[in-house]
Each structure stands twice: as structure tokens, then as C-alpha cells.
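A.B. asks: Mind assembling these two chains? They're in different frames, but the hints should get you there.
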Amino acid sequence: MTLSVRIIPCLDVTDGRVVKGVNFTNLVDAGDPVEMASVYGIEGADELTFLDISASVVGRETTLDVVRRTAEQVFIPLTVGGGIRSVQDVDRLLRAGADKISINTSAIARPELIAEIADRFGAQVLVLSVDARRARTESGFEVTTHGGREGTDIDALAWVEKACALGVGEILLNSMDADGTRAGYDIGMITAVRAVSKVPLIASGGAGTLSDFAAALDAGADALLAASVFHFGIHRIGDVKNYLTSHNYPVRVTSPK
Amino acid sequence: MIAILDYGSGNVRSAQRAFATSGMDVVITSDRSVALEAKGLVVPGVGAFASCMQGLNAVDGASIIRERISRERPVLGICVGMQILFSQGSEHAQNAPHVGVGIWDAEVSKLDAPILPHMGWNTVEVAETSELLAGIEDQFFYFVHSYAAKQAVGQKQSWSTYGERFLAVVEDDYVSATQFHPEKSGDAGLALIKNWTKKL
Chain X
1 MTLSVRIIPC LDVTDGRVVK GVNFTNLVDA GDPVEMASVY GIEGADELTF LDISASVVGR
61 ETTLDVVRRT AEQVFIPLTV GGGIRSVQDV DRLLRAGADK ISINTSAIAR PELIAEIADR
121 FGAQVLVLSV DARRARTESG FEVTTHGGRE GTDIDALAWV EKACALGVGE ILLNSMDADG
181 TRAGYDIGMI TAVRAVSKVP LIASGGAGTL SDFAAALDAG ADALLAASVF HFGIHRIGDV
241 KNYLTSHNYP VRVTSPK
Chain R
1 MIAILDYGSG NVRSAQRAFA TSGMDVVITS DRSVALEAKG LVVPGVGAFA SCMQGLNAVD
61 GASIIRERIS RERPVLGICV GMQILFSQGS EHAQNAPHVG VGIWDAEVSK LDAPILPHMG
121 WNTVEVAETS ELLAGIEDQF FYFVHSYAAK QAVGQKQSWS TYGERFLAVV EDDYVSATQF
181 HPEKSGDAGL ALIKNWTKKL
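Protein sequences appear in the order of chains X and R.
According to the UniProt record's numbering, the first sequence holds residues 1 to 257 in order.
According to the UniProt record's numbering, the second sequence holds residues 1 to 200 in order.
Isolated chain R (complex conformation) (with noise of 0.2 Å):
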């Protein structure tokens, strides 16, 4: 079974139908122990960082995703649900940033680009021993967001650019985070949901 973490945030539904193509059940759940028994855990994620913290702490999500990983349970986020898995995120932070998950190092800010959101189809630099790409090398992927971390962090790491270069993919053992949305991206984004079932 695959859970689809549920904190408030938009459109799950499409998440959901799109991970069932996969053949595995899944539901949308913000249960703590459904959320950690499931065999995945899909962190989605809209809006801004700070608001998504702020929905992910009332369900103790935060908590959640450092139990599976540590309990060595795949952890899959999506959008700002990967955004938030670094330690800081600049979105509409005042003075200091905003506090993430801080599963990895860095800090989510701005792109330096004219026209945003980046919104739209975009393909991606791939690491060589991407899983989750593998076969899709030379597809398209759908982004929606003005924000990204730009430090490479995890094991693997591949790319994409918009204004400057930024990770649109981490593959670090149990962790793994899209910038763009795999259910949104056609049979693109449902090959790469399946790369990420088939080993849970």
C-alpha cells in the first residue's frame, strides 16, 4: 500500500489515481501509523513553504517522514513536499528563513528568472545511475513553482534549468524528492511513479 500523506494540501486526488496506476493501493491518509506502515509515503506538497510547514507540523509530519526514513521506509516528495525536506526555504521569510524537515542541507530560495512561476514542461539533465529516470532520460516533466534548491545534496542528483540551474531530482536511499509533479506529467511522470514502486 502507498500512503499519499494528506496535510491540506490541494489537488491529492490526482496523486492518488495517478500512483494507483502503479497496480498498488493507495490511500490519502494523515494517520500517523497508516502513513508509517504503508510500504511508501508520498509527501505532495502546494503553496508556499512556510504554510506547508505550518500543515505538515499539525499531522506531526515532520516527525513521520524522519521515523520511515530511519526505519528505512521510502519517502517520496513532490513539489514544495520536496522543498520542505531541506532545512531552510526563503519563501516569504522575513528576516531569517523558514525552518524545513532538514533532511538535507541546503536552502530553497528564488529563481532568478524574469517570467515566474516556472510553469510548464521541461526536460532534465539525468545522473547516470538514476532509478527513478531510468528509461525516461529524454522526457518532459511538469513544474509549477518560483522556488528550488540549487546545492547539490543526496546521493543523486539531476537537473534542470530555468533563469539557473536547480534539483529537479534527489535519489538518497530511502528519500527521494521531485520538483516537478509526476502526476501531472503524462506517461512520462507515470514511468517514473512506476520506477519508484516497483521497489517499495
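Pulled out of the complex, with its shape left as it was, chain X reads as follows (with noise of 0.2 Å):
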């Protein structure tokens, strides 16, 4: 009876396409948003997120729309981020049928969102995206918004612990500097964010090789999120989880169909 760790594929959405790069540049196409979320789902994915990185209204609305047909079909939490600026932004993805949200830029520029969110449906419906690189701040990580783009200043290691006052109940911690470069998790950063948090951990960025996953878990974190060894056949699913059982990590395993 242990918690499994679970394995989540990320899907970047714009415009009702799954898109992917390499820090956060040169995107290219990845595929149909829900039927990908269908196949990952059958596939044994632990939960779904979408990363909504549209520009415009027009493809935001797209996206509660994949939202809704995602949900119609796949029986698996899903996480959906980007452009969330308020508890309105919140309720209206709820509705549409996600469990989860993820928020980054706006709770930065305004940190009461956090509790906003958390008072009316509860932490364990927030998840704090940070997307920190290494930098000149006092712990060495210094937290990013708008995918990555632009600096802050703000030390990666105080926002966690302050966001986590605030009310959240989980963290994707996303590195900008290994972000889809498949040369490993930023492992130093996973350790120095699960020692000043008590919530739930996401390893995100840099996965490669199977035993990248495996690493991360070691430094802290309890699930682990990846894109492009997914989208782009790299591995399977499966071959994460059975490279995980094989080396007595606790996954959960789905029966054959």
C-alpha cells in the first residue's frame, strides 16, 4: 500500500495543437491535443497536463474546448495552465472539466491569486508552475515567467516557500535550462526545492533517458512531467514504467487492453 509516482505527459496547446520546442523556441507541430490525451491515457499516463501557450482569445477559447472533449473521454485528472489570471479563468476550466490548474505568471505579478483560488475550491486544486533557471539569486535559482522569456530577480526557493504560505497544493517545477534538451532533470534544483516544501513535487524539463526518471524521484519528486520523449516516440509510457518497477519504484500498473 504505497503512493505510486506518477507519470504525467505535458501537452504545450496553442490554437488547438500540440506544439514543441526546445526552451520554449522553434515550436513544431506534435499532433491532435485530445486525441493524444486519449492515447496517453490508454497508454497507463498517471494524469494529463496542458500547457495553453496561445497568445490570443480566440485560441484560449479554443483551448476550453479541448478541455471539454478531453474530459468528455479520458478518466484521468488533467492539469490545464497558461493565461489563468483570475478566479473567473479558474471556475470557467473547471467547469469545462479540469481538475487541476496551474498558474505562474499572474500569481507572481499578483501573489493574493494564489489565495483567491485556494479559499473558493481549495489548494488541492492549485498547482504553482515555476519556471526557474540558475542564476545570481541567494539559493542560485531565479524564477521566470512567460515560458521562459523573461527574468525576475525573484529567488526560486523564497517564492516556493511563500507560495506554499499562501495556499498551494502542489509544485510543477519546470527547468528553463534543461526544458526539452534531454539531458537530464535539473537534479541540484529538485533537491533545494523539496527541502523547503511540504506539498506534492513535479519534475519537469530535461528528461531523457530512462534512468533520468529515476534520478529525479532519488532528489524528491513525486511524479515526474515530460513532452518531448513522449510526442516524439522516444519512449513509451510503458518503458518509463517498467524501467521504474524493474528498479523497485512504486508505479501503477494498468492492465492490458
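Think of the hints as simulated: they come from the structure by calculation, not from any bench.
Among the hints, a few may not be true.
Which stretches of chain R does chain X cover? Using the computed rule of at least three CB atoms under 8 Å from a CB of chain X, they are [unchecked claim]:
1) 11-18
2) 40-50
3) 59-73
4) 115-126
5) 155-167
Below are the DSBU-like pairs computed for lysine-lysine, each with C-alpha atoms no more than 30 Å apart in a straight line [as the list claims (entries may be wrong)]:
6) R:K194 with R:K156
7) R:K199 with R:K39
8) X:K198 with R:K110
9) R:K150 with R:K198
10) R:K156 with R:K199
11) R:K150 with X:K198
12) R:K39 with R:K198
13) R:K110 with X:K162
14) R:K156 with R:K39
From the three backbone atoms N, C-alpha and C, an ideal C-beta is built for every residue, glycine too.
C.D. replies: Quick look at the structure:
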């Protein structure tokens, strides 16, 4: 009776399509989000994450529709992030079928948003997305915004501690240095954030080899998020789970169909 | 027909779709007579114990639940919708615990674990006579909660462990409840829903 580690494919969605780039640039089309979500569900994904990177209002409406259609056919937890600025935005996504929402830029601009969302819907719906990179802040990790394009001079560890006090239910830690490189998760960053937080921690950015996933768990991650290795078929979800099972990590095994 | 009690609680759309896979009609409602007359009533729930009770009271939910049980009509509580069926909840309580619907006399209290919420897929020690978990005894279910009931109540108890042992499923004649989310537990969750709906 042990809580399993979660394997979470992340779909970056813009204007109704999944895209993937390296370090948040050079985006290439990777497929239809509803179809991909469904396939990942069948393959044993433990949760799904949509990150809406649309720049336009029309794009955001499209994402709402993608969430709606996905929630109709995939019965595992769905987290949606990107462009959420208010309690109303959260309400619309939850009503469309999202189980959790993630915020980043808007929480940095107005930290009270964290408490507003947690008070209304409970902390468990709220994932704090921390896009961090190595920099000369006190801990050596800095928070970035706008998908990694802008620095903030805010220390990542201080931010995590503050956000946890305000009421986040989970932390999605994304290394901007490692994102899309497939060179491994930023282990030092995971270890540092784990040490200052008491909510579940999802590691993101840099997954490449199967042993990378295990290394992030050893550093204290509770869940592992990856995008490009799954989208481009480098690993199947089952490969990651088989590897982790054979190395004695607790994973959810689903019966083959 | 299955009614999902709408009392301002998060993502009920997923629950509607998941219960509809049983082949039955599913409505989301806060209408008293619809909730009373439906073959099965699902009480969902997210957020804190007290705010859930507040929402429940606003639609006269406690009396709907009690009346259904006295008329031998099935009720299924999910997550906080399970917790509020107990007599007391200590979540965010200052002095005395918050008062619940009181179907089961026990307190819902914080889990003793270093990392909360208990979020993710876990297994269950299934009661031998469990009908809800029949055929899915070895499966994983999706949990998201920081509080739970830890004393045995009702006729059949199935347990899970995170930091400490807590009630994952209670089956008690016409009222049952799951601490996990069957509507988010993939095929295993849909199988549980089917086990519940086939008795309606």
C-alpha cells in the first residue's frame, strides 16, 4: 500500500494543436491534443497536463473546447495551465472539465491570487508552476515568467516557500535550462525545492534517458512530467513504468487491453 | 436516472461523463425532488469540509441525503462528499470540529504524513465482502485529500494507507462512499461505478 509515483505527459497547446520546442522556442507541430490525451490515457499516463501557450483570446477559447472534449473521454486527472489570471478563469476551466489548474506569471504579478483560488476551490486544485533557471539569486535559482522569456530576480526557493504559505496544493518545477534538451532533469534544483516544500513536487524539464526519471525521484520528486520524449516516441509511458518497476519504484500498473 | 448533487462543487462534468458510461442517464441537479427521486444520488465534493457543508446546506443537501437513506435509496459520496457524511470534521476548525451530516459517527481529521495532500494513485485493502470493489481488488485509485476518517464505521470497510491507515471505502446498506475519485481512476474507477449502478 504505497502511493505510486506519477508519470505525466505534458501537452503544450496552441490554437487547438500540440506543439513542442526546445527552451520554449522553435515550436513544431506534434499532433491533436484530444487524440494524444486519449492515447496517453490508454498507455497508462497517471495524469495529463495541458499548457495553453496561445497568445490570443480565440486561442484560449479553443483550449477550453479541447479541455471539454478531453474530459469527456479521458477519465484521469487533467491539469490545465497558461493565461489564468483570475478566479473566474479557474472556474471556467474547472467547469469545462479540468481537475487542477496551474498558475505562474499571474501569481508572481499578484500573489494574493493564490489565496483567492485556494479559498474558493481548495488548495488541491492549484498547482504552482515554477519556471526556474540557474542565476545569481540567493539560492542560485531564479523564477522566470512568460514561458521562460523573462527573468524576475525573484529567488525560486523564497518564492516556493511564500506560495506554499499562501496555499498551493502542488508544485510543478520546470527547469528552463533543461527544458526540451533531453539532457536530464536539474537534480540540484529538485533537491533544493524539495527541502523547502511540504506539498507534492512534480519535476519537469530535461527528461531524456530512462535513468533520468529515476534520478529525479531519488532527488525527491513525487511525479515526473515530460513532453518531447513522449511526443516524439523516444519512450512510451510503459517503457518508463517498466524501468521504474524493475528498479523498485512504486508505479501504477494498468492491465493491458 | 442518476442525479449528481450540484452544490457548487468543482468539476462535476467529469463525474457526469464517468457515471454515464454505465449506460444510465445522469443529471446534475440541486433540485430537491429530482435528487430524492433519482435511482442513485452521487454526492461529489472538493474543497474544505466547512465550505462544502455550507454549500450542502444551501441546497438542503443533508436532509435530502437522510431522507433518501430512510427511504432505502442509494447514495454515493465521493472524496469530501464522503467526508461530510461523518459527524465531525476538524479541517480549519478553531475550537470545536465542524459538524457534518452525521450518517456515521466519527471524526474526519488530518492525515499524519510529511507531504500533503495525499495526491495520486494508491491501492486499497479491500473488505472481503465488498461489492463496490468486486473484480478490481488489486487496482489503483486516484486520491486527492489531506483529511480522512480513521475509525471503522458502517458494515464494510476498505482501507488505504498514506502515513497512516484510513478509510478508503465504506459500504453501509444504501449509503456508500469512496475517499478516492472513481470518476478520475481510469478503467478501475469506471468498473467501480458500474458495480454501484448495477445495484440501483
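A.B. asks: For each hint, tell me whether it holds in the structure or not.
C.D. replies: Tested hints:
Closer than 8 Å: that is the beta-carbon criterion, and the region 11-18 of chain R has 5 residues meeting it against chain X, so the requirement of 3 holds. Remark: the region 40-50 of chain R is confirmed as covered by chain X, as 3 of its residues place a Cβ nearer than 8 Å to a Cβ of that chain, reaching the required three. Check result for the region 59-73 of chain R against chain X: violated, 0 residues qualifying (beta carbon to beta carbon below 8 Å, three or more required). Only residues whose beta carbon comes within less than 8 Å of a beta carbon in chain X count, and the region 115-126 of chain R has 11; three or more means the coverage holds.
For a cut-off of 8 Å, the count of residues in the region 155-167 of chain R with a CB near a CB of chain X stands at 3, and the three-residue condition holds. About 19 Å separates the Cα atoms of K194 (chain R) and K156 (chain R), which keeps this hinted pair within 30 Å; it holds. Only pairs whose Cα atoms come within 30 Å are accepted, and K199 (chain R) paired with K39 (chain R) is accepted, the gap being roughly 10 Å. Annotation: proposed proximity of K198 (chain X) to K110 (chain R) holds, straight-line Cα distance about 14 Å (limit 30 Å).
The straight-line distance between the Cα atoms of K150 (chain R) and K198 (chain R) is roughly 29 Å, inside the 30 Å bound, and the hint therefore holds. Pair hint K156 (chain R) plus K199 (chain R) holds up; C-alpha atoms about 16 Å apart against a cutoff of 30 Å. About 22 Å separates the Cα atoms of K150 (chain R) and K198 (chain X), which keeps this hinted pair within 30 Å; it holds. Straight-line distance between C-alpha atoms of K39 (chain R) and K198 (chain R) comes to about 11 Å, which keeps the hinted pair within the 30 Å bound.
Pair hint K110 (chain R) plus K162 (chain X) holds up; C-alpha atoms about 22 Å apart against a cutoff of 30 Å. About 22 Å separates the Cα atoms of K156 (chain R) and K39 (chain R), which keeps this hinted pair within 30 Å; it holds.
This entry does not satisfy hint 3, going by the numbered hints stated previously; all others are met.
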